[in-house]
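Novice: These are the residues of each chain, in order.
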Amino acid sequence: MIRKQLLSLATCAALIAAGCVSAAEVNVYSARSEELIKPALDRFSEETGIEVNLITESADALIRRIELEGANSPADVLLTVDAGRLFRAKEAGILAPLESEILTQRIPAAYRDPDNQWFGLSLRSRVIMFDKSRVSADEIASYEDLADPKWKGEICIRSSGNIYNQSLLASLIEHLGEEATEAWAEGLVANMARRPQGGDRDQIRAAVAGQCKLAVSNTYYLAGMLNSSVAADVDVAKQVGVIWPNQADRGAHMNVSGAGMIKTAKNPDEAQQLIEFLSDDYAQQWYAEVNNEYSVRADIPVSATLQGFGSFKADQLNLEALGKNNEAAVRLADRAGWQ
Amino acid sequence: MTSPALQLDNVSVHLGGKLIVDSVSFRVPAGGIGCLLGASGCGKTTLLRAIAGFESVSSGSVSLDGAQVSTPEKTLDIEKRRVGMVFQDHSLFPHLSVRDNIAFGLQSLNASKRDARVDELARLLAIGDLLDAYPHRLSGGQQQRVAIARAMAPRPEVLLLDEPFSSLDVELREQLAREIRGVLKHEGITAILVSHNQFEAFAMADEIGVIKGGKLLQWDNAFNLYHTPASLAVADFIGEGVLIDGRAVGEHTVETELGVIDTRQIQDFNLPGTIDISLLLRPDDVFHDDASPTKARVVEKAFRGAVFLYTLELESGKRVLSLAPSHHDHAIGEPMGIRLDVEHLVAFPKLPVV
Amino acid sequence: MSLLVLSLLLATPIVVVLSSVFFPAGDIWAHLLDTVLTRYARNSLLLMAGVSVGVLSLGIFPAWLVTVYRFPCSKVLEWALLLPLAIPAYIIAYTYTGMLDVAGPLQSNLREAFGWRYGDYWFPEIRSLGGAIAMLSLVFYPYVYLLARAAFTEQSGSVMEAARSLGCSKRGAFLRVALPLARPAIVVGLSIALMETLADYGTVQYFGLSTFTTGIYRTWNGLGSSTGAAQLSALLLGFVFILLSLEAWSRQQSQFFNTGARNRPSDPEALQGLSLCLAYAVCGLPVLFGFIVPFLQLLFWASITYDTILTSDFAGYLFNSVTLAALTAGAALGLALFIAYGKRAFPSTMSRFSARLVGLGYALPGTVVAIGVLVPFAWFDNRLSEFMTVNFNYNTGLLLSGTVFILIFAYLVRFLPIALNTVDAGLAKIRPSMDEAGRSMGLGPATLLRRVHIPIMRGSLATALLLVFVDVLKELPATLLLRPFNFNTLAIRTFELANEERLADAAGPALAIVLASLIPVILLSRTLRQAGEAPSSLPQASLPSDENR
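Chains as they are written, first to last, in the working numbering: chain E, 1 to 339; chain R, 340 to 693; chain Y, 694 to 1242.
These are calculated hints, taken from the structure and not from any lab test. It cannot be assumed that every hint is accurate.
[Said to hold, decoys possible] Only some residues are given here: those of chain Y computed to face chain E with a beta carbon under 7 Å: (1) Asn914; (2) Leu1067; (3) Tyr1087; (4) Gly1090; (5) Leu1091; (6) Leu1173.
[Stated by the list, open to error] Computed Cβ-Cβ distance ranges for the label pairs, DEER-style: (7) Arg195(E) x Phe1098(Y): 38 to 44 Å; (8) Arg195(E) x Pro1148(Y): 50 to 56 Å; (9) Ala378(R) x Arg1124(Y): 26 to 32 Å; (10) Asp115(E) x Arg1076(Y): 29 to 35 Å; (11) Gly865(Y) x Pro411(R): 24 to 30 Å; (12) Ala1139(Y) x Glu510(R): 37 to 43 Å; (13) Pro411(R) x Ser821(Y): 53 to 59 Å; (14) Arg810(Y) x Ala298(E): 40 to 46 Å.
Model, not experiment: these values are computed from the prediction. Just so it is clear, CB atoms sit at the ideal spot from N, CA and C, and this is done for glycine as well.
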């Protein structure tokens, strides 16, 4: 092990210079953390014999790196954990369209790029969670209700610097228009129990601790707490109920993690194979079981934990809108004072 | 009768369990200048630090102006004893100008009085044009003047000077010592100086204590120390000179290698009562005389302007010192006639040969 | 000349950032000015002010106590006070939040025990400006402590005695002499701590504080304006330049603040009774809250998740982290010596300026530095590749980008300033007359360095080496962006798990960072103690030999 590392460290420069291409390989730049993608990639290598090289980092940094590396960039595939960044990669002109019947067949149109430059691979929803001891499920029904003054001082939500909140705002801009969304954001800020801080799990914990009644979080965070090795997290998660917003109208706000092939990919065939693999039955079930995400495919069963949250109607908005409206969303948040 | 400015009674100091100062007593009258003289490591600096209050005493007491400030039970904090201290390395505050250094201990005065005192000292010590400079710009001698001015500024009960001139060159040393003595006398400040240099001590102090092995051997003025040392050790330490063997063969006769001495010609001379004695010969006791039958070979010579200081070897191999007018120039290795011309002599019982 | 080239090379990333001011950034500035910029500036300034107070009080007083007094365990505390250096700022933020947050065990138990509900009782909000100040102060105070202690140790005992003999109490002597004398060193330590504060992203982001640093990320990621982000960074550099100038000025002052040889290291005084308790509080609390408490929390979390931590990959992370840290520390020391000597041998405005420019990297958020590094490297690689393809029909691809080399280069851009500062400070203690003495005895420059300077500067060199080592071990943003494929470090592992809000799982690698940093921190404190016992770096005022015989 140590020797292997030493080798990689000491000779990597030389090897790369010499073009250390031995067998078939594919180079992945991933915004999904190693812990949450490596097992699937290992499985891919096992099945196909294609070696996968991985770098993880935030999507924006990876996009910038690919841009700067230019024509010589080793990247073949970009994985991100939100649609907005896939859109931004497309805008930056670093993605190539991928004509794959398998992908277009498997993945619904709302969850992929109209030009086939990126494909959603797993789904998550951003929902409203509540402390079951103090709130009943029928007290709130939509995102719009979060701005209702009756929740004054009762809402926990993280910073608008977080991409999931930016995407939620972006979807609201698409549905309600910018003006109405800004008014909504102002109402939300007025209802916050505290200055936005921490991550999604922190919002859930704060709700159970009594600092607020409602928390806004992605679904898989609650699922992760339910399956946690830390007993306290499990206890907290059990006291929380999930409200699927806007079931009477457009449906709950969805986001995807997804992938795109890089325009300058040196291994386009392997890249395509990998993306197709990530949409196949095995990988989709793996996403569902291990990461507690929803499959982009209707035919893949939902994990036991997620089943506990009930079924829901998903917003069918094409996720490209999330990327398009991202900057407007951040500016709007700045104006509304959402830190 | 007023109590002495400084009085030590049987003061002993232990450092790290070791006896460094052994039962020392002396007193210095108000306005007097004392000197603790001894080779390095003799305990003189430790004694000074005990007087300052940096070290506590293990027995005896230190009194300032009649009040006990150090006893084995209690050591009054230094800042409360009104002693000034001048350190061997000057220890000026490098972040303060000369003026602020001198004014450091004058916090209790208002600004105009403070300035007046600083200016007064600056004038006394001839450092008036340095007041705005910072210590790193000063020469060693200037730094020492500032250090003394700083210590004197609050008009301490006693001023303690730890080897104050040791970092200065020899010419500067005695001159500055005399100058400082003038300033101290002008201000009427009682002072204790620690030195290993007897000329510095002679130039500055009224009374000198010779210290060896932590013990005070003798406390006296310079003249008496030189001419009537109380012990062989003092004699050995003070002034230049050698000890030669002698035999008291009669009531008034001492035989030496350099001839017979009639002790009746010598003032205040007392034989120690033994037959074998040691005689302290100062260089001015041994005269150059080409006619003398006693010859000695020149081993070393040092030109001192008007005189040569010769180191001479007698036939027995014993060496003596002789001052001779510098026109008597003998080369090294040459024999030279000498004779004793003793007006003043000190004799001790001969030490058993080890 | 080579000095200038080297400095400029290292300063390229800074120049890249600064050059952004010449590009238009659309209406971003109007938007920022209208909405968030004042908050960024206010929070950053408040944070810096608070951290200043924090690190000064946590650093200076213990340094004074362990130098001047002796009490049971004072020797242990002397090095234990350095331990918080081993804890990355965002990790301490995570651990304290885990404990003190409204949903944490402490408040939950309080509520349970007293039947309170949230809002029935007052409890300080950990994720606040005050909390961030506390967290950053706890991990950055060792910089002030380290430098203040060195300064106090070097002060001649007789200067303090002189003050006492002039009527100062111990406290008065500390305030009027020891503290002013140590001021230049303390300012250097403070400026390091403040630059670390400005560069910190993890803590303020987690606490939801909008500062300049989070603003840079938000402008880049959220508003999609990398130019705007770079321009914000350039503005931040303005701050830093002021800090650095202050620091340089301070160091210049310190040359004159030599108090001469350390004659008789004034005997440490024993403490008793109330003052002993107070000393324990002053020296013990920073260690307790800066190290022991977060360490125990990490240990507790790791004990829950240890079976998932010790995977076969773990040794690899550890190896990568330690190797990178060691390589960078060595390189940084070598370059710092080179630059410091260059400045000394050929003092010119140009060489001073280029050294200053190199110093800027320390306070920039790591990602900004990383992109600044990637820009010129990728450009070079691509031009080379074009040239080689056209002329030799051989594509070199990305020769340097995506290798360990670029990673170490980025670390050097970030951390060379601390090495340089420390080496500079050490070199300042060597008077030119010592060089002249050495040269007159026929020593060449290399021999002079080996036989005179290095022994004298040993403490400073060890400090430089180990500060860089520990910083690289903790470094995250540049590693994330610039590393080669399949290359992970402990810091990355920790961050990814913590970022998934899996703090308990993140505790294992975090603990490994702490433990790996502990070894050099302990070595550092030992070296410093030895260096402290070595003959003082200042020539002793030569005592004339006995002339009384």
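Novice: Compare the structure with each hint and give your call.
Specialist: Now for the hints, and whether the structure bears them out:
{"no.": "1", "hint": "Asn914", "verdict": "5 Å, holds"}
{"no.": "2", "hint": "Leu1067", "verdict": "5 Å, holds"}
{"no.": "3", "hint": "Tyr1087", "verdict": "10 Å, violated"}
{"no.": "4", "hint": "Gly1090", "verdict": "5 Å, holds"}
{"no.": "5", "hint": "Leu1091", "verdict": "5 Å, holds"}
{"no.": "6", "hint": "Leu1173", "verdict": "5 Å, holds"}
{"no.": "7", "hint": "Arg195(E) x Phe1098(Y): 38 to 44 Å", "verdict": "43 Å, holds"}
{"no.": "8", "hint": "Arg195(E) x Pro1148(Y): 50 to 56 Å", "verdict": "54 Å, holds"}
{"no.": "9", "hint": "Ala378(R) x Arg1124(Y): 26 to 32 Å", "verdict": "31 Å, holds"}
{"no.": "10", "hint": "Asp115(E) x Arg1076(Y): 29 to 35 Å", "verdict": "32 Å, holds"}
{"no.": "11", "hint": "Gly865(Y) x Pro411(R): 24 to 30 Å", "verdict": "27 Å, holds"}
{"no.": "12", "hint": "Ala1139(Y) x Glu510(R): 37 to 43 Å", "verdict": "41 Å, holds"}
{"no.": "13", "hint": "Pro411(R) x Ser821(Y): 53 to 59 Å", "verdict": "56 Å, holds"}
{"no.": "14", "hint": "Arg810(Y) x Ala298(E): 40 to 46 Å", "verdict": "44 Å, holds"}
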